[in-house]
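Top to bottom, those sequences are chains A and B. With the first letter of the first sequence counted as 1, position 87 gets the number 257 in the working numbering; the numbers rise by one all the way through. With the first letter of the second sequence counted as 1, position 59 gets the number 60 in the working numbering; the numbers rise by one all the way through.
Take the hints with a grain of salt, since some may be wrong.
[As the list claims (entries may be wrong)] Simulated coverage check for chain B against chain A, where a stretch passes if three residues somewhere in it have a Cβ under 8 angstroms from a Cβ of chain A:
no.	stretch
1	29-43
2	125-139
3	189-202
4	225-232
5	240-246
6	254-262
Hint data in this document are derived by calculation from the structure and do not stem from the laboratory. Glycine residues also receive a C-beta, built at the ideal position from the N, C-alpha and C atoms.
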Amino acid sequence: MKFLASFGERLRSGLSRSREFLATELASVLVPDRPIDDALYAELEDLLVAADLGAAVAADFVNRAREEVMFGTVTRADQLRPLFRRFLTEYLTPAAQSLELVHRPTVILMLGVNGSGKTTTSAKIAAAFKAEGRTVLLAAADTFRAAAIEQLETWGRRIDVEVIRQAAGSDPAAVVFDALKAALARAVDVLIIDTAGRLHTKTNLMTELAKLKRVIERQLPGAPHESLIVLDAPTGQNGFAQALQFHEAVGLTGVVLTKLDGTAKGGIVLRIVRELKLPIKAIGVGERVDDLQPFEPERFVDALVPRA
Amino acid sequence: MFDSLSTRLQGVFDRLGSRGRLTEDNIQEALREVRVALLEADVNFKVVRGFIDRVKDRAVGQDVLRSLTPAQQVVKVVHAELIELLGGSGHRLAAAPHPPTVVMLIGLQGSGKTTSAAKLARWFARQGQHPILAAADVYRPAAIEQLRTLGKQVDVPVVGDASQRPVDICRQAREEAAARGLTPLILDTAGRLHIDEAMLDELRAIRAEVKPHHVLLVVDAMTGQDAVTVAEKFNAAVGIDAIVLTKMDGDARGGAALSVRQVTGRPIAFVGVGEKTDALEPFHPERVASRILGMGDVLSLVEKAQATVDQKQAEEMVRKLREDSFTLEDFRQQLRQVQQMGPLDQILGMLPFGNKLKPGMGDLDAEQSDLGRFDAIISSMTPQERNHPEVVNGSRRQRIARGSGTTVQDVNRLLKQYAQLRRMMKQLKGMEGRLPRLKLPGFPNLRG
Ligand SMILES: Nc1nc2c(ncn2[C@@H]2O[C@H](COP(=O)(O)OP(=O)(O)OP(=O)(O)O)[C@@H](O)[C@H]2O)c(=O)[nH]1
Ligand SMILES: [Mg+2]
Numbered sequence: 171m172k173f174l175a176s177f178g179e180r181l182r183s184g185l186s187r188s189r190e191f192l193a194t195e196l197a198s199v200l201v202p203d204r205p206i207d208d209a210l211y212a213e214l215e216d217l218l219v220a221a222d223l224g225a226a227v228a229a230d231f232v233n234r235a236r237e238e239v240m241f242g243t244v245t246r247a248d249q250l251r252p253l254f255r256r257f258l259t260e261y262l263t264p265a266a267q268s269l270e271l272v273h274r275p276t277v278i279l280m281l282g283v284n285g286s287g288k289t290t291t292s293a294k295i296a297a298a299f300k301a302e303g304r305t306v307l308l309a310a311a312d313t314f315r316a317a318a319i320e321q322l323e324t325w326g327r328r329i330d331v332e333v334i335r336q337a338a339g340s341d342p343a344a345v346v347f348d349a350l351k352a353a354l355a356r357a358v359d360v361l362i363i364d365t366a367g368r369l370h371t372k373t374n375l376m377t378e379l380a381k382l383k384r385v386i387e388r389q390l391p392g393a394p395h396e397s398l399i400v401l402d403a404p405t406g407q408n409g410f411a412q413a414l415q416f417h418e419a420v421g422l423t424g425v426v427l428t429k430l431d432g433t434a435k436g437g438i439v440l441r442i443v444r445e446l447k448l449p450i451k452a453i454g455v456g457e458r459v460d461d462l463q464p465f466e467p468e469r470f471v472d473a474l475v476p477r478a
Numbered sequence: 002m003f004d005s006l007s008t009r010l011q012g013v014f015d016r017l018g019s020r021g022r023l024t025e026d027n028i029q030e031a032l033r034e035v036r037v038a039l040l041e042a043d044v045n046f047k048v049v050r051g052f053i054d055r056v057k058d059r060a061v062g063q064d065v066l067r068s069l070t071p072a073q074q075v076v077k078v079v080h081a082e083l084i085e086l087l088g089g090s091g092h093r094l095a096a097a098p099h100p101p102t103v104v105m106l107i108g109l110q111g112s113g114k115t116t117s118a119a120k121l122a123r124w125f126a127r128q129g130q131h132p133i134l135a136a137a138d139v140y141r142p143a144a145i146e147q148l149r150t151l152g153k154q155v156d157v158p159v160v161g162d163a164s165q166r167p168v169d170i171c172r173q174a175r176e177e178a179a180a181r182g183l184t185p186l187i188l189d190t191a192g193r194l195h196i197d198e199a200m201l202d203e204l205r206a207i208r209a210e211v212k213p214h215h216v217l218l219v220v221d222a223m224t225g226q227d228a229v230t231v232a233e234k235f236n237a238a239v240g241i242d243a244i245v246l247t248k249m250d251g252d253a254r255g256g257a258a259l260s261v262r263q264v265t266g267r268p269i270a271f272v273g274v275g276e277k278t279d280a281l282e283p284f285h286p287e288r289v290a291s292r293i294l295g296m297g298d299v300l301s302l303v304e305k306a307q308a309t310v311d312q313k314q315a316e317e318m319v320r321k322l323r324e325d326s327f328t329l330e331d332f333r334q335q336l337r338q339v340q341q342m343g344p345l346d347q348i349l350g351m352l353p354f355g356n357k358l359k360p361g362m363g364d365l366d367a368e369q370s371d372l373g374r375f376d377a378i379i380s381s382m383t384p385q386e387r388n389h390p391e392v393v394n395g396s397r398r399q400r401i402a403r404g405s406g407t408t409v410q411d412v413n414r415l416l417k418q419y420a421q422l423r424r425m426m427k428q429l430k431g432m433e434g435r436l437p438r439l440k441l442p443g444f445p446n447l448r449g
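Build the full structure now, drawing on both the sequences and the hints.
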């Protein structure tokens, strides 16, 4: 998938903000001639936690650093910076994937907890494919939240994409059934299904998702081709439980990380990538329809740990 | 990965115990566990730093070193300190001397402002007030539509139109509230980033124009380390008076609560615990403290149990269990009480390790429907069968299954569980006094 905005002004200003993230703090810890001792490790560990990487990942990196120091490959504190950048890049590089339309129709299921950005991201993805000349359908399968259908319909009008919908409160499985029928009949390239936000701990709502997936599979074997969890960057350690539970319920194919235009850098995805081996298929950097970007490990690492 | 803090500390002190007397260094090691626990709970690392120092002073000053149960002592100190920092409970949104009282909700995108606005409206209406809602989010598609729908649900008028400017919507809402004698006025503003200066200007303009009495920052309980930055910036730019913590019905530990409380010094007034408009609760620091420490929300559970379980009936059950005259009819009463307490996954979520238990419990929805099925089965039994389940033989089982629309396997399962329960109760009787105070949800306390 091509993305609407190339590296425009907005992203640059977003990134410059994020560059400030750990910049000053890291600079004051990783001073070239500062002795590498327990106090330094403790401060470094704190900073990694401050990036929402989690205590486990932070401890892992510090152990790795201790090893390098022991073997003499690292002798100065400032050498820990590139070491850490490599550590992150190693994990994240395989996670950079984009959304491809291999099937027709390609069915994309958008999932996540309440308010993470599912509906907006559905519209952004729809717009990006449409701009490539693809035919796109949206399905309003959030029949629960007040005015969720109207929200998606407004987006549909703005980007000129048809939204398949039913009345509020109707069965989401029925909406999905209709939408797939329409997608197949019109042989569109891609169908994007916006689902209701739900906390991953609600057993009945997660079962409902599994059912939704079965309805799709039965109608179109092999679909959904993408089941994406939409996770917002401010999310802390709970993000892992979210990804895990959604993964267990429907089998995720990837993550979309939204709201990276804020000050949070979405460090929790590292653990998700590391332990669940899920790729990151796009990132959200604003509220406008063109604020969708490919995930680029280099830039992500730059934002978390500035080069210097 | 995250064991309850007590278990972890127990581990630390067990390791130390063999080495003889506890020292201040040992406490230090225990505090490292506390630190990790808080970080895993999303408490901001800077807040954690200060917290650990305070706890250390308190722990060393107290009898932890000499205590026979140092792990419990440390937990107690940590827990108490957390409660203190989380602040007093029941922050009330005081009525203004000249109505309408104006309550303004602000926060990041997707934090839950609109839902919270409707919940608050319902909350005030329940208290006999006559609230009014203003929809000032003219940016997000259908945000006003959303508030209108919710307003209808809670029967509270909603003003605002996407073609107007947010400041005008709020000013007109205030005039309308005054004219119609409605109070409080609740302003739902658009979600925005705490670094978006243009959008912060808008909040400042609304604040200057409408002069809200209570500005509430709405914070998602799942927020990580960034909660501190968000709270600081909103507080500096607009000024906040209290906090609403949303989405606490999930399994986030809610360390953000401590972070925002610490950096703003403002109390947490309300907690959102569900998507429905009635899912709003006053803030209870002791519960959130337990949760941050991974100790489960036992208090909420006790409260729920107390609200559901009839005390007299419970005592009667205990007597029957003691005398071993607990029948299937009694069993059914118990099942109904468990059902009344709410969905099983919610009950489990409130217990320490509850969320860990879930996978082991298999399909909770199945368990839930079991409760209903068991009820139906018992209803299909004759009084004699209920009081003397041993008479239920093969042919009776078939009849009961047919009568209740279940299968013989279901009937067998019920009888087996009933027998198990009785066996368990007999064993428990032998251990009375050593029992924890809270047993199975909905089941009476055997200490009686
Ligand atoms: N700043 C910023 N805001 C975003 C981004 N993506 C979405 N949002 C905003 O976040 C809010 C919630 O987005 P929605 O798309 O409605 O989220 P949702 O997951 O569909 O929400 P529910 O359906 O209610 O669970 C809206 O105000 C969006 O404009 C992003 O990348 N950056
Ligand atoms: Mg939505």
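Please flag the earlier hints that this structure goes against, numbers listed from lowest up. 2, 5
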